[in-house]
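Trainee: Below are the chains, spelled out letter by letter.
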Amino acid sequence: VRETVFSMSSRTRMLGLDVGSTTVKAVLVTAPGARPERAIYRRHLGDPIGAVRRVVAELGEAAVMVRAAVTGSGGRVIAARWGAPHVHEVAAITAAVRARHPRARSIVELGGQDAKLVVIDGERAHMTMNDRCAAGTGVTIDRCLFRLGMAAETARGVAYVADRARRVSSKCGVFAETDLVNLARAGVPADDLVVSLAEAIALQNLAVLARGMTPAPEVILLGGPHVHLPALCGAWRERLRQLWRERGIAPGEVQVPDDALHYAAMGATEIGSARDTASLAELAEALGSIPHDVPLRLDEPFRTRETWEPARRNEPAPHRRRLHVGVDAGSTTCKVVVTDDAGTPVASATRMNTDPIVDARALLAEVEQVLDGAELGAVGVTGYGAAALAPLLGADAQVVETVAHARAARAVAPDADVVCDVGGQDVKVVALNEAGAIRDFRLSSQCSAGIGMLLEATARELGVPLAEYAPRALAAPRVPWFGDACSVFLDANRVTFQRQGFTPDEVLAGLVRALPRVIWSQVMNGTPPSALGRVFVLQGGVQRNHAAVQAQVDYLHREVPGARVLVHPFPAEAGAIGAALVAKQARNGAGPRLRPTLEGVAVTVRSDDGTRCRSCASRCPRSFVEVSLPARPPALHVVGNACSEGAEPKGASASAVARRKRAATPNLLDEEVRLFFHPRHAGRPLRRPPRPLRIGIPRVLSLYRAAPMFRAYLGALGVDDVVFSPVTSEKLWREGARHGASDPCFPVKAVLAHVHHLLYRVHDGGRRLDAIFVPHFTHALTPVKHCVDTASCPVIAAAPSLVRAAFAEEFARRQIRFLDPMVTVTEPQLLRRQMFEAFGDLLGASEDQSRQAVKLGAAACQWVDDRLNEQAREILDRVERDRRAAVLVIGRPYHSDPGLNHRVGEELQALGYPVLTVRSMPRDEAYLAGLLHRELASGTIADPFDIRDLAPEVANSGVAERLFAARIAGRHGRVGIVDLSNFKCGQDSPAYGPLRDLCDRLGIVLCQLHDLDETRPVTSLRVRLRTFAHAMAERGLA
Amino acid sequence: MNSRTLLVGGLSSTHDALVAAALRGRGIAAEPVGTADQGSLAIGRKLLARGHCNPTYYLSGALVERLRRSAAPGRYAYLTIGSCGPCRFATYAAEHRRALAAAGFSEVPVVVVDQLRPTATVELGSVGVTLDGRLISDLARAAVVGDVLVRAGCWHRARTGEAVAVDRALAKALGDATSALEEGHSPTPALTMLGDTLGALGGAPEKPRLRLRLTGEFFAATTDGHGSYGLVRWLEGRGAAVEPPAVVEWLCYLAWQLRRDTERRLPLYRPDSGPRGLAGRDGPRVVRHARGAERALCALYGRYAAAVGVGWPLLDMDDLAVLAAPHYLPDLRAGMGHLEVATFLAMNRDRRADLVVSIKPFGCLPSSAVSDAVLAVLARQARHCGFVAVETTGDAEATVESRLELALDLAAKGTRSRPTTSLSGFAAN
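Listed in order, the protein sequences are those of chains D and P.
Heads up, the first sequence is in my numbering, so the first residue is 1 and it goes up one at a time.
Heads up, the second sequence is in my numbering, so the first residue is 1 and it goes up one at a time.
Don't read these hints as lab results, they were simulated from the structure.
As the structure is a computational prediction, the values presented were derived from the model and not from experiment.
In this text, a Cβ means the ideal position worked out from N, Cα and C, and glycines have one as well.
One thing to keep in mind: the hints can contain errors.
Have a look at the derived ranges for each label pair, beta carbon to beta carbon [as the list claims (entries may be wrong)]:
#: 1; chain 1: P; residue 1: Lys413; chain 2: D; residue 2: Ala159; range: 37 to 45 Å
#: 2; chain 1: P; residue 1: Ala306; chain 2: D; residue 2: Arg1001; range: 54 to 62 Å
#: 3; chain 1: P; residue 1: Arg383; chain 2: D; residue 2: Arg156; range: 41 to 49 Å
#: 4; chain 1: P; residue 1: Trp234; chain 2: D; residue 2: Val161; range: 41 to 49 Å
#: 5; chain 1: P; residue 1: Lys413; chain 2: D; residue 2: Thr277; range: 21 to 29 Å
#: 6; chain 1: P; residue 1: Asp318; chain 2: D; residue 2: Gly766; range: 44 to 52 Å
#: 7; chain 1: P; residue 1: His289; chain 2: D; residue 2: Asp764; range: 46 to 54 Å
#: 8; chain 1: P; residue 1: Arg117; chain 2: D; residue 2: Gly272; range: 53 to 61 Å
#: 9; chain 1: D; residue 1: Arg1001; chain 2: P; residue 2: Arg134; range: 42 to 50 Å
#: 10; chain 1: P; residue 1: Ser179; chain 2: D; residue 2: Glu925; range: 56 to 64 Å
#: 11; chain 1: P; residue 1: Trp234; chain 2: D; residue 2: Leu781; range: 41 to 49 Å
#: 12; chain 1: P; residue 1: Lys413; chain 2: D; residue 2: Arg351; range: 52 to 60 Å
Listed next, the stretches of chain P that the computed footprint assigns to chain D, with coverage defined by at least 3 CB atoms under 8 Å from CB atoms of chain D [unchecked claim]:
#: 13; stretch: 94-107
#: 14; stretch: 326-332
Sequences and hints are given; from them, build the entire structure.
Mentor: Structure follows, in structure tokens:
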């Protein structure tokens, strides 16, 4: 902030005002283009008008006469009041940069909510702004730092070091926050986290904001994040130089100018200002009575108070002869409780997360006195840090979070039907049956995470102490309607409401009103609370906020007639209490045990080039944690590894136990990858083409089904050299992620990265390609009959058009032919025609030869199908015979790609489950008729391949196959289901409802892994799969 | 007489009123379901799983709202258009049924008319309706009248500066046209009278206005409710002359699809089965009928548009296919398919618009993920027309407006030096 002292003359000045989503910036200049005499930058804390009034008063003496110009998303109403022009902020920064940096070709401006890129091309300028999912750039940085417990000053001191960046998704603020929290939990050093965040923001903006353009040098970086986070500027420099190298552009400067915060305000004065002059005092006064906009919809103000029921609070036993310890190393805090036999805490301690071992040691020391004179019954641990703590503490039970919360709820409400745990990061909803076993469970996905933290962060941004949140929200007279969106969208609404004149108290009230809608719409995904039961227990740290509780109680009472809503007496400690209770049960009355201690345990974390994983070419960064115990050799743990291959320090593979389990347990996801791309498909050529050809095919999307057909087709027509790109890896993605001009689901974006690999690694690497083949798949072959259609997803079908748009110049420069024919596999005659039209000329083949080759292609596909079906049948028969269980992973064909399924198959193998796939499920009609005899006998279905009873109007192949496979799994009886779906996969959403209904009806244990994206959701994957395994075990499906 | 009153919706309020009137004109009890608003969205979201595109929520919510206001909801059936995909449009009907069941209206049937084979809809029989050629013709006529009225409003508001008078004349014309359709008469006199009234307005002298063409996802671009954030009026309020899309262009696109898909399959050695295969179908006859339908629709629109003085001709489907082919295969089917790309190219080539605004629900698969990516590249090369895409979530309009304001500012600066824009807006479901 520059607040230059200047001598006030009588000369009229120009006032440039920039009102953003979180800050107000103002400058006074003597003439357009001059350096500001005075410049002020302030956070407006949710009151932009008030902040502008104060800033105007601070700018100079009241009598100073100015001509005003206004810019910024919140400035329009002020401009109207002042009679000043309102300039769009992008136009303003462009004007300011043109005036000051004549050599500048690109501008990147990051604000609180918006990101803008301007590429200057002579007199023309191409301008883009972020889409909504990437919104909240400055706010995202603020929140991430807050979540990491890092002061802004500390972050400012972090320098960018390229090879310390971990993989963090910056698709949106919530994803970034989730990934960073996961990395922090895993022990990744704080500096690396800042670097990772900076890298993610730069990469995401290059991938999406640039929309295929190349920001050429000189590049000007503007806005608060660039000023306050030097690591971000470092990331830009590194990634832009890499891009320029790749695209043959001479390197140039990337700079953050001195007045980077004020360029928009300065630019506004340069475009034009008010005709009339006014004194600063008059301008301030004019803001006194701006009428509020009338919003379209208001939410209900809080009227009733204290209508919820505190759950039974057991009195501590008077003679505490036996006590138990529970530890919950959660996402934001670590808690330790000491309970009696009934689960009533007699002592507890909490601290913000740093390191689970350090935290637990400090907390155990705090509660130690309580254990004096008592015998220690059991020790249980839960939470994200449980895996590290359990062996060190000698815990009697390491408990999955969902199970711990369920147990704690039942202790205070034996008739509880539903437990709703709302923490800072995650929401967990667990439905229980009469015996207290888990009947159903849902966890917030990437998109619905972080709602608890949003309440806290918003209060902080609005300058409201957390302790005052509830009283101020409950007293708010008007409550804006926030809808039920994800945290990023809710925050975007906050900005709208601020502009409409809502006070911070009203904004907080609206936000907390949205909490139950987010839980029951986003997390529960349309399952109404009334479907789960009548008795609800609210747990988790957010329940200490009475406004949050009141909002949930009002919602549940409205939605569930006769609902009883109880709040756990120790909501924040419920997980730790549950862990203690489960441990007590596990110990089963055994005698007293030794007191847990972490004294003498020394922990050191190392994260450098020597700790990188060497399992594959990606060389992912990771950290080593060395735990030294007294009188024992130090133990070395790996944290922050991207996949199970990096779980051991030497990089060999996962643990020996897990390895053995995997070897003994078939995984048909991996088998599909092997079979679809098996060299045998090349076959013997029917003929030779006029000249040898090398054709590249990206290993993506529906190629995970149709590759055998194309390999056999090309082989039959004499093309020996077909190069498939490798499976998706972090390295491949990072190298090719900057070419898209839209932001679809990750599997489609990955297509561009694969084509980039074929161009830059294969072709430029010396294996010249004559053609790249990426067909437009309009349909998929499925075993399902009677559907309206079995069309491909429209984005998958059109993906080759995205490739053409992104790489047209690269293809031309390299003289590579791009083949992207329509391929309609459901119409054999049309398919033959399409293949001949695509390849006839290129390969010099006759129509007859092409037709013959298509037949061979179909046979190759059938060969794969037969192998997979045989293996699946063996698995199904074996688990039935041995009274064991298997897991069906349902997803799209591309979910066989380990880079897209995030190695979920391996995780399931490590849990001991054989893994089946949609494609592998048996198609033998007699066998299926035996499984589906009830449906056939009742006439519900016409044949085993009929799914019309589940979804009558299915037109999409993926939805049809999912339901078909799920029903077979359900009727088999010993198969659970893991349902994979990617973020932004709109085509999967129609399957959610029918699949859930089917699973409920047939009693199938279902685990939903939705919103998958580029980063591996390590912790949420673990919690979900362990809860899934627990639910399977409770049903005798181990 | 049909056994249940049909509720119709999903277009603009003008179109919905006219379609209902056309049904009543054939003795079928019918009412518009009502324009979907923010409340409809909230209801839809609450009743359905997440992940659908937001027309599902808007329309399901509006339907449930309408039934909740009714004393006898059991007397209604919901009439909607369906397709075999491949985008999520194909699932609307199933989700409407889920929403009705969740709201306690399981007894209200959802009758789906296949947009490519309307006469094959057997469910109509269950509500006592026979969809014959004449009824289809009446419904198409209602859609064309709706287009002409909506476009007349935009055309004359921009050219006369007399928005209130234009709206008043339109309201009267809508009433007259509705009555005419109800009584089985031609709407032409109502339109001629409207043309006379609007022609007499004269109004402000012609002043240069920014010419905008609206494209995007069908529902978002057509509705005049909250699903489009009332974009037409908002843009007009900022001095733009807005050319809205026409429903009849969509109908022409459907006929063109049928013709194109059939022509592509005619030379095959043997016919394939499947929704587009020609097994059991007379291919040449399908082509003849489709071409005839296109011509008839264009002629009808031309006649009515001339009557009210609307100067925007319909886009030619064959021309659009040729324009799009190098960038987006016209044989791909989903949503608006290649139309968005082709419409932009046509506007740029013909200098018919200064800016194309594409509006779509958040995450619209064909539009946001594919067309926008292709258009981002094409818009940078275009010399005469800018492009901006916005997504609607149902909230945070201010952010969408911010992006549009930038696009308007830039487009207003003029022709050759005009900066291009490629913006994305917002949305959530």
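Trainee: Could one say that the CB atoms of Lys413 of chain P and Thr277 of chain D fall in the range 21 to 29 Å?
Mentor: Roughly 27 Å apart at Cβ, these two residues keep to the hinted range, so it holds.
Trainee: Cβ-Cβ distance between His289 of chain P and Asp764 of chain D: within 46 to 54 Å?
Mentor: About 53 Å separates the Cβ atoms of His289 of chain P and Asp764 of chain D, which means 46 to 54 Å holds.
Trainee: Evaluate the given range 53 to 61 Å for the C-beta pair formed by Arg117 of chain P and Gly272 of chain D.
Mentor: 58 Å, holds
Trainee: Is it true that Lys413 of chain P and Ala159 of chain D lie within 37 to 45 Å of each other by Cβ?
Mentor: Holds, since Lys413 of chain P and Ala159 of chain D (Cβ atoms, about 41 Å apart) stay within the stated range.
Trainee: Between the beta carbons of Trp234 of chain P and Val161 of chain D, is the distance compatible with 41 to 49 Å?
Mentor: 47 Å Cβ-Cβ, so the 41 to 49 Å window holds.
Trainee: Determine whether the Cβ-Cβ distance between Ser179 of chain P and Glu925 of chain D falls within the hinted range of 56 to 64 Å.
Mentor: 59 Å, holds
Trainee: Just to be sure I understand the hint, the distance between the Cβ atoms of Ala306 of chain P and Arg1001 of chain D should be within 54 to 62 Å; is that true here?
Mentor: 59 Å, holds
Trainee: Cβ-Cβ distance between Asp318 of chain P and Gly766 of chain D: within 44 to 52 Å?
Mentor: 46 Å, holds
Trainee: Are there three or more residues in the stretch 94-107 of chain P whose C-beta lies within less than 8 Å of some C-beta in chain D?
Mentor: With 4 residues close enough to chain D, the hint holds.
Trainee: Given a hint of 52 to 60 Å, does the C-beta separation of Lys413 of chain P and Arg351 of chain D actually sit inside it?
Mentor: 57 Å, holds
Trainee: Starting from the range 41 to 49 Å, see whether the pair Arg383 of chain P and Arg156 of chain D falls in it by beta-carbon distance.
Mentor: 45 Å, holds
Trainee: Regarding Trp234 of chain P and Leu781 of chain D, is the given constraint of 41 to 49 Å on their beta-carbon distance met?
Mentor: Distance hint for Trp234 of chain P, Leu781 of chain D holds at roughly 47 Å.
Comparing the model with each numbered hint stated earlier shows that all of them hold.
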